[in-house]
Amino acid sequence: MFRVTSVCAGVAVSILLASSTLAADVTLKYMSWEPSQVEIEAAAVAAFEKEHNVTVEVSAMPSKEYWPRLSALAASGDMPDAFMMSSGFIQEWAAAGNLADLTDKISEDELANYYASAADIGVIDGARVAFPQNWVAPILYYNIDMFEAAGVPLPTDSWTWDDFLSAAKKLTVDKDNDGTPEQYGYYFFGRYAHVDPWVFRNGGRYVNEAGTQFEANDAAVNALGFLSSLINEHGVAPKPQELEGVRQQDVFPLQMAAMYVGGSWRIGNTRKVSGGSFKWGIAQVPVGPDATPETAAAYAWADMMAVAKTSEQPELAFKFIQHMVGAGRSAADFPSGKVPAYIATASSDEWLEVGEQPANKNILLAIGDQNVYTGFTKNWSAWRGYGASGSGGLNGELDEVFNGRKSLEDALDAATVYSNDVLSR
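For reference, each letter of the sequence shown is one residue, going 1019 to 1443 in my numbering.
Hints in this document: simulated from the structure, not taken from any laboratory.
Check each hint, because a few of them may be wrong.
[Unchecked claim] The list that follows gives simulated cross-link-like pairs (lysine to any residue, SDA-like), each with its CA atoms no further than 25 Å apart:
| no. | residue 1 | residue 2 |
| --- | --- | --- |
| 1 | K1297 | D1175 |
| 2 | K1327 | G1344 |
| 3 | K1257 | E1427 |
| 4 | K1396 | G1144 |
| 5 | K1123 | A1064 |
| 6 | K1082 | D1096 |
| 7 | K1337 | A1145 |
| 8 | K1193 | G1169 |
| 9 | K1337 | A1134 |
| 10 | K1337 | W1085 |
| 11 | K1424 | G1263 |
| 12 | K1290 | Q1375 |
| 13 | K1337 | P1053 |
| 14 | K1396 | G1095 |
| 15 | K1082 | R1443 |
| 16 | K1424 | A1234 |
[Unchecked claim] Per label pair, the in silico range of CB-to-CB distance:
| no. | residue 1 | residue 2 | range |
| --- | --- | --- | --- |
| 17 | N1380 | D1096 | 42 to 50 Å |
| 18 | T1230 | H1252 | 35 to 43 Å |
| 19 | A1093 | G1197 | 53 to 61 Å |
| 20 | H1252 | P1080 | 35 to 43 Å |
| 21 | G1263 | E1330 | 50 to 58 Å |
| 22 | G1095 | K1257 | 49 to 57 Å |
| 23 | K1188 | A1114 | 49 to 57 Å |
| 24 | K1068 | D1127 | 21 to 29 Å |
| 25 | S1442 | T1174 | 37 to 45 Å |
| 26 | D1196 | G1263 | 15 to 23 Å |
We put the beta carbon where it would ideally sit given N, CA and C, even for glycine.
Just need the whole structure built from these sequences, with the hints factored in.
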């Protein structure tokens, strides 16, 4: 019997989605942060129940409710056997001793079936405490029709930042010469998915190797300076404040800009909003001038699954994870730009969606084979920040720079003080 408890806005609703002739005596508790994903996973969960003659009790709730709820369960010693784990929180949960060590349960032969860069995110202090289900990465979206109209060659893996800037200039169109382009070459603001890919591809890092101090290196500062120049010097991108009221994920599909860097998970939204009105593709963010083969990193992170250290049935919980991240899942379970961590599924024609835009979705698979850096630390969401100007987080400080209200030096000084206070907590 597959039992789902969906928790939203404090209301719990139990739904019996499927049943077997006789409910098994063994119940495995599984907790997810995506209620909509539970419906997608139903077939895979039911197959596991049938194979192992167990009942899987699934709890699902929005992410903003998931972490407080999981924390409360950890404090009470009543954690689910298996649960979703974020790349952004895995350090904290491992340090708290909440995650079972899975190192000895996974053979090298089995690991070879998964993207190593995604699997390695689950290794903390030498122990494998989580295993990836899928991963995502920010990518460069580009409007093929606009490129062709301007006579600009499409982005390639060998593109430099100079190539990018040259293209952005040619793709910025101000027909009436009023100083406000009708079409920008590029669009971004201080959001992590917009900015950090450039920083990491330039060999930049915000924090020290231990992740305990905010100390942006020269490559990071140079990358941020380059991005600022796109707005405040070259005029190929709008100030963030100029497009307030437009959802950031809609600027590109509404053809207000020829390029933007956003998460691979925006592929679905781009298809929906654009409605097939233009041709578009994706590319990797160009490697920066300060990077070396050792320091250049792709920005990507994984959605993972973990077993509670307090689980009374850790072997069964791990088998459940194996089933949910491997061959037991269909490519259809990973919509848009969620890349299955299981290589065979990710490289299938079904997941690559041959015939759909972008035609070069396989670019994402190339990212999975590279050196990957997540940049996550404890309290990352607080110091990196999702907030707007004045919030204290790096997001807000960078928006002050991009809006022309603050120098990059002053913004980084403020971000350093605030971030190190957060990291010391």
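Problem set entry | Broken hints, by number | none
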